[in-house]
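Enquirer: Chain by chain, the residues:
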Amino acid sequence: MDSALALHRFHFAFTITFHYLFVQLTLGLALLIFILKTMALRTGNEHYNDTARFWAKIFAVNFALGVVTGIPMEFQFGTNWSRFSKAAGGVIGHTLGMEGLYSFFLESSFLGLLIFGEKIMGRVGHWFSALAVWVGSWLSGYLIVATDAWMQRPVGYELGPHGEIILNSWSALIFNDWAAWQFMHTILGGVVTGCFAMASLGAFYLLMGKHQDYGRTFLRVSVTTGLLATLLVAFPTGDQQGALVARHQGPTLAAMEGHFETGPAAPMAILGQPDVEQRRLDNPFVLPGVLSMIVHKRWDAEVRGLDAFPKENWPDNIPLLFYSFHIMVGLGTIFIAIMGLSALQLWRGKLFTFKPLLWALLLAMPLPYVANTAGWMTAEVGRQPWLIYGLMRTTAGFSNRVSSGNAMFTLFGFMGIYSVLLMLGLFLIWREIEHGPGSAPAAH
Amino acid sequence: MLPVIWFCIVAVMVAMYVVLDGFDLGAGIVHLGVARTDRERRAVIKSIGPVWDGNEVWLLAGGGALYFAFPALYASSFSGFYLPLMMVLWLLILRGISVEFRNHIDNPVWKPLWDTVFCFSSGLLAIFFGVALGNVVRGVPLDASGEFFLPLWTDWLPGPNPGILDWYTILVGLFAFFTLTQHGALWVAYKTENGVRTRARRIARLSWFAVAAFTVLVTVVSFRIQPQLSRSFAAMPVGFVFPLLALAGLTGAFLFWSRQEDLKAFVSSAVFVIGMLTSVVFGVFPYVLPANTDPALSLTIHNASAPAYGLRIGLIWFAPGMALAASYSVFLYRKFAGKVQLEEGGY
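The listed protein sequences derive, respectively, from chains A and B.
Numbering follows this note's numbering, in which position 283 of the first sequence is assigned residue number 283; successive positions increment by one, without gaps.
Numbering follows this note's numbering, in which position 131 of the second sequence is assigned residue number 131; successive positions increment by one, without gaps.
Treat the hints as calculated values from the structure; they're not laboratory data.
Warning: the hint list may mix true and false statements.
To be verified - With a cut-off of at most 20 Å between alpha-carbon atoms, the simulated PhoX-like pairs for lysine-lysine come out as follows:
{"hint": "1", "chain 1": "B", "residue 1": "Lys-335", "chain 2": "B", "residue 2": "Lys-46"}
{"hint": "2", "chain 1": "A", "residue 1": "Lys-119", "chain 2": "B", "residue 2": "Lys-111"}
{"hint": "3", "chain 1": "A", "residue 1": "Lys-119", "chain 2": "B", "residue 2": "Lys-46"}
{"hint": "4", "chain 1": "B", "residue 1": "Lys-111", "chain 2": "B", "residue 2": "Lys-46"}
{"hint": "5", "chain 1": "B", "residue 1": "Lys-111", "chain 2": "B", "residue 2": "Lys-335"}
{"hint": "6", "chain 1": "A", "residue 1": "Lys-119", "chain 2": "B", "residue 2": "Lys-335"}
{"hint": "7", "chain 1": "A", "residue 1": "Lys-210", "chain 2": "A", "residue 2": "Lys-297"}
{"hint": "8", "chain 1": "A", "residue 1": "Lys-210", "chain 2": "A", "residue 2": "Lys-119"}
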């Protein structure tokens, strides 16, 4: 592969993966904070307000890191992917532009009020600020996902006389069916991260014997929401997302499953290592017929393998795609089990004293990050070798005037700055955790 | 007609960005100078704390509008100005973090560190934005495919082999620095009391003289560097309304400063910024990125814009979005109006 292309790809992958670490937590916490503010408003109990205020502090640190690492993303479309931007900017510029106008302003204005304005806004006004931040952050998520969805499944365009991509239906772009499912799947992934973060901290407080009242509230809210979210993330959203891949990206689905040869009663791989040279799955552990069932709703249906597609249309990193997909699905299953058990124990009134499960919740905290990152990699690596599926190859989209040396320089720059950010972010969040909810010191 | 409308929209959004984020950048520049104690520094930070993030959104929203209305311009300029843009991003990151994180920990290493980062990143950003404007006025070596790549510097001359930095763009960079220093100092004076206000007013006065001198210098030099400027004003003398606006703003800033009317002085400074920016935009029009090699290769609003359908439908979603965004801004500024009160702390 061209070294400049490889660097531009890694540049984008690195900055967006890092950015998404903060975003997925804020997507989840925005909802959870809104739930807490609603409970506070309905019960009039100051305890819920304290809880919301505590999570708003953690939210604010994450949000700040999400914002500062998000600004480079919009720039990079132009700086590192200029030929793509020139060709497709007239289309996806709509979703990106709307994100700026409709969601950034909403989020940033009301976050200021959520953090600084509790006294001046009053009870209902402050609740409304939490609502606005939640709506803003999810709207932002939708518009970004719609941008990606158009690259996965281009719709609402026509090709001009010189092959230029011209938008001809704005509503098709906005209401892309791929965007709808991918958004719900992605957003629920964020809610899972938020719930595990809150549950983990709740478990931590209970195991530590500190801030126990708050720990119990954290667990009640997060386990209830978490059970719902972990179930919905798999079905129907994950299932439908898979169906879209099967319908529109045949080689991607085959590569995700390590399915090299077309045949009836296609198995679903649970474990294995795809061997692209030999065109087979090493050490396979498979469920026969399940892939046929998932894709065509029939046990004996034929599913096209990679052999049904020209090799130049195969994803260019099949093992990475296979592992990302399987890690995501595997962890998703574990999340359902943990949240299911926790919900059961919560309902029986035994969760707060059941130490093994508290430990499991505590330690599971990083796993949703892994699952969400793997999920994004599945989507993005799966789209290869296309930048816009079926329309523009990745090799045709990067900024060819920006040399590999310059791309490497800025990549190292981002790596350096982001390492510092991660350290600071973790340090500040740890301080908030140690301090705990309750009395609110003036942070700003 | 549609490209002209979108060109005006993008120009207005950029102007909004410079006026709004301009004052918080300026507050950053004067931060170390006007505020001595921790309490004073908290006051300066608090004067921009609730709003700086929203101000910066104008950059992103303006970028978004540029992206879909003029994709060829976006692609060409962002890849061509690759290195300085990346540095702008790093500075924006450092600055954002310093505002957000400063007050989290009360200790003698943490706060001075972020105060310094805040001050330097704000100052450098002001200079970089000025340099960027200088590059656009001077023109860049566009090739037949509408692309270019500029190194950071070559021989420091705005001649046939330009770099991002040359004596002309540095001059514009310094002009931007003094302009935003004045702008930020007037904002801080308006939002604070006692010692901070006195010192901010003093800095505003000093920078006013620098701004006035640089206005004359940069204007004269720009007309020599970019002949399109004189052509534009000669073809449509009505355009002189923009430089007159700038002049009125500059005069107003001085007069209202003398009368101790901080808010009016700040608004005058904003008028000056808007007047200067619109003068440049008018002067360069219909170019959006002039080529300094062959004028025929320049990007204009016509050859860089997206097709009509997209521009038309864009207006439909843009209008209500803009109204909403403007109303949040107004609401937010009203909520935090008046002098900074340190007692009612956020969290």
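Enquirer: Confirm or reject each hint.
Expert: Here is how each hint holds up against the structure:
no., hint, in the structure
1, B:Lys-335 <-> B:Lys-46, "13 Å, holds"
2, A:Lys-119 <-> B:Lys-111, "26 Å, violated"
3, A:Lys-119 <-> B:Lys-46, "16 Å, holds"
4, B:Lys-111 <-> B:Lys-46, "14 Å, holds"
5, B:Lys-111 <-> B:Lys-335, "27 Å, violated"
6, A:Lys-119 <-> B:Lys-335, "11 Å, holds"
7, A:Lys-210 <-> A:Lys-297, "51 Å, violated"
8, A:Lys-210 <-> A:Lys-119, "28 Å, violated"
Against the hints set out earlier in the document, violations occur for numbers 2, 5, 7 and 8.
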